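S.K.: If you read the protein sequences in the order shown, they are chains A and B.
All residue numbers for the first sequence refer to our numbering, where the first residue is 121 and numbers rise by one.
All residue numbers for the second sequence refer to our numbering, where the first residue is 515 and numbers rise by one.
Keep in mind the hints are simulated off the structure, nothing from the lab.
Please read all numbers here as calculations on a predicted model, not as lab measurements.
C-beta atoms are modelled at their ideal positions from N, C-alpha and C, and glycine is treated no differently.
Careful: at least some of the hints might be erroneous.
Output of the computed footprint for chain B on chain A, the stretches with three or more beta carbons under 8 angstroms from beta carbons of chain B [unchecked claim]: (1) 152 to 158; (2) 172 to 178.
The list that follows gives simulated cross-link-like pairs (lysine-lysine, DSS-like), each with its CA atoms no further than 30 angstroms apart [unchecked claim]: (3) A:K253 with A:K367; (4) B:K573 with A:K416; (5) B:K573 with A:K202; (6) A:K325 with A:K337; (7) A:K416 with A:K238; (8) A:K552 with A:K604; (9) A:K202 with B:K530; (10) A:K253 with A:K211; (11) A:K379 with A:K337; (12) A:K511 with A:K570; (13) A:K211 with B:K530; (14) B:K530 with A:K253; (15) A:K594 with A:K604; (16) A:K479 with A:K578; (17) A:K599 with A:K578; (18) A:K337 with A:K311; (19) A:K516 with A:K502; (20) A:K337 with A:K386; (21) A:K479 with A:K516; (22) A:K511 with A:K479; (23) A:K337 with B:K530; (24) A:K325 with A:K367; (25) A:K386 with B:K530; (26) A:K511 with A:K578; (27) A:K238 with A:K211; (28) A:K211 with B:K573; (29) B:K530 with A:K367.
Here are the in silico distance ranges between beta carbons for each label pair [said to hold, decoys possible]: (30) B:Q578 with A:V410: 17 to 25 angstroms; (31) A:R384 with B:G550: 33 to 41 angstroms; (32) B:E553 with A:N377: 52 to 60 angstroms; (33) A:G235 with B:T567: 52 to 60 angstroms; (34) B:D535 with A:Q383: 27 to 35 angstroms.
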Amino acid sequence: MSEWTPIIGLEVHAEMLTRSKMFSACPVVDSVEAAPNTAVDPLSLGMPGTLPVINQLAMEYGLMVGLALNCEIPPFNQFARKSYFYPDLPKGYQISQYQYPLAVNGYIDITLENGDIKRIGITRAHMEEDTGKLTHVGHGASLVDYNRAGVPLLEIVSEPDIRSSAEAEAYARKLRAILQYLGVNHGDMSKGILRFEANVSVMHKDDKGFRTRTEIKNLNSIRSMVRAIDYEIARQIKLYESGDTVKPATLGWDEQNGKILIQRYKERADEYRYFPEPDLPIVEMQPEYVESVRQKLPELPDAKKARFMDVLGLSEYDARQLVAEQAIAHFYEDVLAAGADAKSAANWILVSLFSLFNKEGVDRETVNDTPISAANLAELVKLVDSGTINKGTGEKVLSMMWQTGDSPQAIVEREGLAQVSDEAVIGAEVDKVLAANAGLVDRFLAGEQKLFGALVGKVMGAFKGRANAQVVNKILQDKINERKS
Amino acid sequence: MELSHETVRAIAELAKLELTDEEVERYAGQLSHILGYFEHLQEVDTSDVEAITSVLPLKNIMRQDIPQPPLTPDEAVANAPDSDDHQFRVRAVLDE
Chain A
121 MSEWTPIIGL EVHAEMLTRS KMFSACPVVD SVEAAPNTAV DPLSLGMPGT
171 LPVINQLAME YGLMVGLALN CEIPPFNQFA RKSYFYPDLP KGYQISQYQY
221 PLAVNGYIDI TLENGDIKRI GITRAHMEED TGKLTHVGHG ASLVDYNRAG
271 VPLLEIVSEP DIRSSAEAEA YARKLRAILQ YLGVNHGDMS KGILRFEANV
321 SVMHKDDKGF RTRTEIKNLN SIRSMVRAID YEIARQIKLY ESGDTVKPAT
371 LGWDEQNGKI LIQRYKERAD EYRYFPEPDL PIVEMQPEYV ESVRQKLPEL
421 PDAKKARFMD VLGLSEYDAR QLVAEQAIAH FYEDVLAAGA DAKSAANWIL
471 VSLFSLFNKE GVDRETVNDT PISAANLAEL VKLVDSGTIN KGTGEKVLSM
521 MWQTGDSPQA IVEREGLAQV SDEAVIGAEV DKVLAANAGL VDRFLAGEQK
571 LFGALVGKVM GAFKGRANAQ VVNKILQDKI NERKS
Chain B
515 MELSHETVRA IAELAKLELT DEEVERYAGQ LSHILGYFEH LQEVDTSDVE
565 AITSVLPLKN IMRQDIPQPP LTPDEAVANA PDSDDHQFRV RAVLDE
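With the sequences and hints as input, model every part of the structure.
M.R.: Quick look at the structure:
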C-alpha cells in the first residue's frame, strides 16, 4: 500500500450498570431522558463535608471486565484525584485511578477480514466516576446537569496495536459484545453509555519511533469512529507529504458534515496533579475473591463461538456472525431450544432474517422486539426441514410472519401454502406443461440444456411455487427421457 | 531547589490564579523554600522502609449497591448563585 502505516489506540469509557452511583447511594438514571438534577445528592454535587464510599458491585463489574479481557489483577488498587477545573466536575477533581489500576496487561483477539486472528493488547482498565453534562446556551452561559456525575465508569485503554479503521471496528465490536455478554453495560453509544476515543498517528516506513498523535473525541457510533479514523489518517499523511507537521491536538468528529474539527491544540502535556485519594482506603483483591468472580463469568463470545463450532458443527464464519451480538446469539439459542436444527436455524437467521432486517432497517440488537419470535422462527425452520413447505415458500412465509406476527403454521394453513409432493398430481401437471411447450422440449432434446430450468419454472408456476422442487425435477427428467427413447 | 518564574506561572495557571510579576517573584521564593524542606526529608535513608500508598490502616471499605432517595431538583440548586430550570448556570467555557 502506501509508505504510511496508521498507529491507533482506543480509549473506551463504559458506564457500569449499577443502581447507585460509584461513591454514594444516589440513584443512577438514564441521563439522556431524565429531567435535569433529579438524580443528585450532596456527594454528586461536590458539597463540602461529604465523603465518598466505594460501590462494591461497581468494583465487581470492573473486575469481571478485567478478567474477561484477560487482564492481570494486581493485589490491590487505589483511587486517586485527577485535578482539573471544568464545570462538569463539581469538586474540581475527578476520582479516578492512576498508579494502581484495577486491571493491567490484557488483550482481545479480533478476527481480520481475511479470517486471521490478531491480538490487541489492553494496557489497563481502571474505575472512575462519570462527569456531569454541560449544555451551551449562548450569551456566555452554560447549564449543568449533574445526573450523570458520579456514575461508575470503567476506562479501558488499548495498546497502540491497531493498524486500520477496520481493525478498530473489529476491536470496538468485540469489546462492546464482551461488555454486553457480561451484563455490565448495554452498549448504547448514542446515549453515551459507551464512549470511544481514538488516538491516531501515522508512521513512515523509514521511521524508528512513533510520530505525534492526535485524539479524536465525540464518536457517537462505531460507524462514526471508522469514518473519523479514516479521515484523520488521510489528514495526517497529507500534512506530512506537503512538508507540514501534525500538532498534538484534541479533535472532535462532526458526523453531519463528515469532517474533523480541531477542538484545541495541546501546547503541553495535560497536567492533572494526580495524588492518592485521601478519603478512600485501598481495595485489596484477594485471590480467592478474584477466582470466585472468574468462576461466575458467563460464557463469552469466543467460548460460545467455539462451542457452536465444536458441538453444533457450524462453520467458523457462521459461528462468528452469530456470537457477534449477544442478542442474536441468545435468539439463536432460543430457536434451537424450540427444536430447530442447528445448521438450518443458523442459515435462516444469517441469510433470510438478516436480509429482512436490512430491508426493513431493523437493528439486530432489537431482534427480540420484532414480530418474529424465536419460537415461530423455529417452527418455520421445522416446516421447511420436514418438507411441509419448500424453501421458497418459507421465505414468503417469513415475510408474512414479519407483517402479521402470526405463527408460520397458521400462515401455511390460511394461505394454503403446504408443499405438493404427490407424484401423481405433479406428473399430471408436468404432462400438461410438456404438451403445451413442445417447441421448448424439442430444443432441449436438441442440446439446449439450460431450457430445463424454464420447464421447471413453468411447472412450479402452475403450483404457485408450492410444488416440491425435487419431485418436479425428477418427474420432468423421467418424462423427457421417455420421449427421447 | 530554585523554582523558575516560568514554573510558578504554570502552577498559577493550573490553580486558576492571576499573579502579578511581583507576586511571581515573591511566590517563587516561598515555594522554593517549601520545596527545600522536602529536599531535606529526602536525605533520610528509607531503603529498608516499605513503601505505602495510604496512611489509613483500612482497606476494602465498601457499600452495597442500594440506592437511596436523591435530593429534589429544588434542593439541588438551592445554594447555586445562578440557575435556570433546575440546572446550574455557569459561565460558558470556550474550550469546547
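S.K.: State for each hint whether it applies.
M.R.: Evaluated hints:
Residues of the segment 152 to 158 of chain A lying with their CB closer than 8 angstroms to a CB of chain B number 4, which satisfies the three-residue condition for coverage. For a cut-off of 8 angstroms, the count of residues in the segment 172 to 178 of chain A with a CB near a CB of chain B stands at 6, and the three-residue condition holds. Restraint check: the Cα-Cα separation between K253 (chain A) and K367 (chain A) comes to about 28 angstroms, which is no more than 30 angstroms; the hinted pair holds. Distance check on the hinted pair: K573 (chain B) and K416 (chain A) sit about 24 angstroms apart at the alpha-carbon level, within 30 angstroms; holds.
A threshold of 30 angstroms between alpha carbons decides the hint, and for K573 (chain B) with K202 (chain A) the separation of about 21 angstroms falls inside it, so the pair holds. Annotation: proposed proximity of K325 (chain A) to K337 (chain A) holds, straight-line Cα distance about 28 angstroms (limit 30 angstroms). Among the hinted pairs, K416 (chain A) with K238 (chain A) is consistent with the structure: their alpha-carbon atoms are about 27 angstroms apart, no more than 30 angstroms. Taking the CA atoms of K552 (chain A) and K604 (chain A), the gap is about 18 angstroms. The hint holds against a cut of 30 angstroms.
Using a Cα cut-off of 30 angstroms, the hinted pair K202 (chain A) and K530 (chain B) holds, with the two alpha carbons roughly 16 angstroms apart. Restraint check: the Cα-Cα separation between K253 (chain A) and K211 (chain A) comes to about 14 angstroms, which is no more than 30 angstroms; the hinted pair holds. For a cut-off of 30 angstroms, the pair hint linking K379 (chain A) to K337 (chain A) stands: about 12 angstroms separates their Cα positions. With a C-alpha separation of about 22 angstroms, the suggested pair K511 (chain A) and K570 (chain A) falls inside the 30 angstroms cut-off, and the hint holds.
A C-alpha spacing of about 15 angstroms is found between K211 (chain A) and K530 (chain B), which places the hinted pair at or below 30 angstroms, so the restraint holds. With a CA separation close to 22 angstroms, the supplied pair K530 (chain B) and K253 (chain A) stays within the 30 angstroms bound. Restraint check for K594 (chain A) and K604 (chain A): the C-alpha separation of about 15 angstroms stays at or below 30 angstroms, so the hint holds. Using a Cα cut-off of 30 angstroms, the hinted pair K479 (chain A) and K578 (chain A) holds, with the two alpha carbons roughly 29 angstroms apart.
For the given pair, K599 (chain A) sits about 15 angstroms from K578 (chain A) by alpha-carbon distance, which is consistent with the 30 angstroms threshold. In summary, the hint linking K337 (chain A) to K311 (chain A) is supported, as the alpha carbons are separated by about 15 angstroms, within the 30 angstroms threshold. The suggested pairing of K516 (chain A) with K502 (chain A) holds, with an alpha-carbon distance near 15 angstroms, which does not exceed 30 angstroms. The hinted pair formed by K337 (chain A) and K386 (chain A) meets the criterion: a straight-line CA distance of about 14 angstroms does not exceed 30 angstroms.
Simply put, K479 (chain A) and K516 (chain A) have alpha-carbon atoms about 14 angstroms apart, close enough for the 30 angstroms limit, and the pair holds. Of the pairs offered as hints, the one joining K511 (chain A) and K479 (chain A) holds, with about 19 angstroms between alpha carbons and a cut-off of 30 angstroms not exceeded. Simply put, K337 (chain A) and K530 (chain B) have alpha-carbon atoms about 25 angstroms apart, close enough for the 30 angstroms limit, and the pair holds. With a C-alpha separation of about 20 angstroms, the suggested pairing of K325 (chain A) with K367 (chain A) holds against the 30 angstroms cut-off.
Restraint check for K386 (chain A) and K530 (chain B): the C-alpha separation of about 18 angstroms stays at or below 30 angstroms, so the hint holds. For the given pair, K511 (chain A) sits about 18 angstroms from K578 (chain A) by alpha-carbon distance, which is consistent with the 30 angstroms threshold. For a cut-off of 30 angstroms, the pair hint linking K238 (chain A) to K211 (chain A) is broken: about 42 angstroms separates their Cα positions. Under the criterion of a C-alpha separation no larger than 30 angstroms, the hint pairing K211 (chain A) with K573 (chain B) is consistent with the structure, at around 24 angstroms.
Restraint check for K530 (chain B) and K367 (chain A): the C-alpha separation of about 25 angstroms stays at or below 30 angstroms, so the hint holds. Checked against the given bound of 17 to 25 angstroms, the beta carbons of Q578 (chain B) and V410 (chain A), roughly 20 angstroms apart, stay inside it. Taken as a hint, the range 33 to 41 angstroms holds for the pair R384 (chain A) and G550 (chain B), whose Cβ atoms sit roughly 36 angstroms apart. For the hinted restraint 52 to 60 angstroms between E553 (chain B) and N377 (chain A), the CB-CB distance of approximately 54 angstroms keeps it satisfied.
A hinted range of 52 to 60 angstroms for the beta carbons of G235 (chain A) and T567 (chain B) is inconsistent with their spacing of about 46 angstroms. Hint check: D535 (chain B) to Q383 (chain A), Cβ distance near 32 angstroms, so the stated range 27 to 35 angstroms holds.
Consistency with the previously given hints fails for numbers 27 and 33, ordered from lowest to highest.
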